[in-house]
Amino acid sequence: MSDNIISFKKGDIICKENEYELWFYEILSGSMTIYKNYGLSDQYELGKADSGYIGEMGFLNSMSRIGTVVADEDTTLAKIDNDTFKDYFISHPEKIYSIIQCLLTRLNEINDNFLEVSDTIRDCVGLYEMNSPISSALSSAMEKFSNVFRSRKAK
Amino acid sequence: MGDRNTISYKKGDHIFDEGTKDPFLYEIESGTVGIFKEYEMSSEIKLAELTEGYFGENGLINDSPRNATAVALTNDTRVTKIGSDSIKDYFTDNPDEFDLFIQTISKRIRYMDKKYLRACEFIDEYMTAEKNNNPQDPDLINNMRVLLSGK
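One line per chain: the protein sequences are A and B, in this order.
Throughout the first sequence, residue numbering follows this note's numbering, covering 1483 to 1637 in sequence.
Throughout the second sequence, residue numbering follows this note's numbering, covering 5 to 155 in sequence.
Worth flagging that the hints you see were computed from the coordinates, not collected in a lab.
Each hint should be verified, as a subset may be incorrect.
What the hints assert, rightly or not - Taking beta-carbon pairs under 8 Å as the criterion, some of the chain A residues facing chain B (in silico):
{"no.": "1", "residue": "L1585"}
{"no.": "2", "residue": "L1586"}
{"no.": "3", "residue": "L1589"}
{"no.": "4", "residue": "T1602"}
{"no.": "5", "residue": "V1607"}
All C-beta atoms, glycine included, are put in the ideal place defined by N, C-alpha and C.
Assemble the whole structure, with the sequences as input and the hints as a guide.
Right, here's the structure in full:
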């Protein structure tokens, strides 16, 4: 299994935003930061990681990388691709729970987002039916979801 | 294989209820299962309608009560119930099932993400009409109602 262990030094780019890669990584040691628009004047941080998995959403959902991942220190990762996925978890059954937890956390986040936007949609339909004005609270919620749509449409 | 058993349900039977503790994973053998938030209340939202694969996966990983109700939507609904204590052994003994489970969750993530983005698009359209002092498009309102109905 050692040929899928990859080391990175501080400052190394682990993966690049918008690239499609047919693998993801388990973090064995070290830490990293995920950036949007890395290297550009409007660069900002999406988050940090020092345990668990990185890139699993892109791998499992055939999506391009949402950000550029840069090692913050000497970092060691296990690379898991389509060929090794099943065997990796079956030979490390103690990790089965962790990948399941990782995916379910993401699914629960999306479900919660959908429920939140559904509440706003319900309010919009109610306003239309009652011909009522939009409250400032509803206006803020609508602005938030409108921005989500516009920022993802821009990709 | 640990504690697994297959159960038959009639249309309308509850498989598990929102707010209850239920540490099981379910696999659909036949029929159709609906997943609802606030089932049979005025604020009911249908989250999903499933005819294959796994559901109830949150029963595996945390001690929290169910955040949705699962209901048999057809008379021929049969599901296999797998205890959370058995899941590691179950997937180790059945690696193809592990693969299927992961693919099921991934598909669900993609599906819900698309629905979420569609909902955000509707709100964007609604806001644009408001900002431009245009009347709302009745088709947009209808689409919003369909989204809420889960169809």
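Outcome of the hint check:
Contact between L1585 of chain A and chain B, as hinted, is supported at the beta carbon level, the nearest pair being about 5 Å apart and thus within 8 Å. Given hint, L1586 of chain A at the interface with chain B, holds; its Cβ is 6 Å from that chain's nearest Cβ, closer than 8 Å. With a cut of 8 Å, the hint placing L1589 of chain A at the interface with chain B holds, because the nearest CB-to-CB distance is about 5 Å. Because the beta carbon of T1602 of chain A sits about 6 Å from the nearest beta carbon in chain B, less than 8 Å, this interface hint is met.
Among the interface hints, the one on V1607 of chain A holds; its C-beta lies about 5 Å from the nearest C-beta in chain B, closer than the 8 Å criterion.
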